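Participant: Residue-level listing of the chains:
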Amino acid sequence: MLYPSVTWACAVCGSAEEKASGAYLAMTVFLSLLPLSLIGGVGFYLWKRSQQIARENAELVQPEQSSPAWAKLITDLPTEPNTR
Amino acid sequence: MNRPISPATGSPARTTPLLPNPVMAMLIFVVVEVMMFAGFISAFVISKAQFNVWPPPGQPRLPVEATAVNTLVLLASGILLFVAGRKFAKDPKSARLWLLIPLVMGICFVGFQGIEWFRLLSAGLTMYSGSYGSFFYMIVGMHALHAWAAIKVLLYLYVLALRGKLTTNALWTGQIFWYFVVGIWPILYILVYL
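First to last, the sequence lines map onto chains A and B.
With our numbering applied, the first sequence corresponds to residues 2 to 85, in that order.
With our numbering applied, the second sequence corresponds to residues 7 to 200, in that order.
Chain A on its own, in the form it takes in the complex (with noise of 0.2 Å):
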């Protein structure tokens, strides 16, 4: 702590020029924000895919059959009023 260009105990003490220290906050920021650019990556990527996919299926479903079988009994059931 009092004579760190002597012990050279940390890497960071030992580079105390300005150039130096430089480069060690661009390399920290760079190593910290690419694995999130990275999986931030993926994951939007796989989200498109996803939405691309669900606009697929959606074109797959039928209207007709995408209503129970007991909707359609209920719509056929004579609709008279009952006189008795």
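Everything labelled a hint here was simulated from the structure, so no lab data went into it.
On a predicted model such as this, the values are computed, not experimentally measured, just so you know.
Be careful, since some hints might not be right.
What the hints assert, rightly or not - Distance condition first, Cα-Cα at most 35 Å in a straight line; then the derived DSBU-like pairs of lysine-lysine:
| # | chain 1 | residue 1 | chain 2 | residue 2 |
| --- | --- | --- | --- | --- |
| 1 | B | K99 | B | K171 |
| 2 | B | K93 | B | K158 |
| 3 | B | K99 | A | K49 |
| 4 | B | K96 | A | K49 |
| 5 | B | K96 | B | K158 |
| 6 | A | K20 | B | K93 |
| 7 | B | K171 | B | K54 |
| 8 | B | K93 | A | K49 |
| 9 | A | K49 | B | K171 |
| 10 | B | K99 | B | K158 |
| 11 | A | K49 | B | K54 |
| 12 | B | K54 | B | K158 |
| 13 | B | K96 | B | K171 |
Add chain B to chain A, keeping to what the hints say.
Facilitator: Here is chain B on its own, set in the frame of chain A:
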């Protein structure tokens, strides 16, 4: 919630995976490898910043111009593999030649790198001649190793294409690997050679 119904069969349609398994596996592999190269780049940049003069005096100079031409060859191979994918979608037989050309270009790239390495070793640049040589051989060597593995994948795809057994998913997987090899090289070239 409505389940998709296939108009042809009247039965529920098959659930489509987001990505084929080989493609997903290759994507994960590429992400991991990108992080490995990022670690190398980070170490190299920080180490380089410790020197007032880079390359260190007394070390042989890297073949900048010749490797630039080699870089163009590698980039062209990536474009041609993309064309091969397009051709394969239209007519699988016509894609054979377009698969062969990137394969040959890749072999040329690695072969030329090997020749340059031989020259540099003869000039005295070794893994043990300092951080300059260590980083050069580690970063460029690791890329060459990946390029060599990707060439083997391309060769496998080409053999499959010759036998008429090449599938879209297999080609897609190989393309991702090759694009990774092609895409990361200009970054390494700019950092290490220039």
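Participant: Look at each hint and say if it fits the structure.
Facilitator: Hints, one by one, checked against the model:
no., hint, result
1, K99(B) - K171(B), "holds, 11 Å"
2, K93(B) - K158(B), "holds, 21 Å"
3, K99(B) - K49(A), "holds, 31 Å"
4, K96(B) - K49(A), "holds, 24 Å"
5, K96(B) - K158(B), "holds, 25 Å"
6, K20(A) - K93(B), "violated, 50 Å"
7, K171(B) - K54(B), "violated, 48 Å"
8, K93(B) - K49(A), "holds, 25 Å"
9, K49(A) - K171(B), "holds, 30 Å"
10, K99(B) - K158(B), "holds, 21 Å"
11, K49(A) - K54(B), "violated, 40 Å"
12, K54(B) - K158(B), "holds, 34 Å"
13, K96(B) - K171(B), "holds, 15 Å"
Hints 6, 7, 11 from the earlier list are contradicted by this structure; the remaining hints agree with it.
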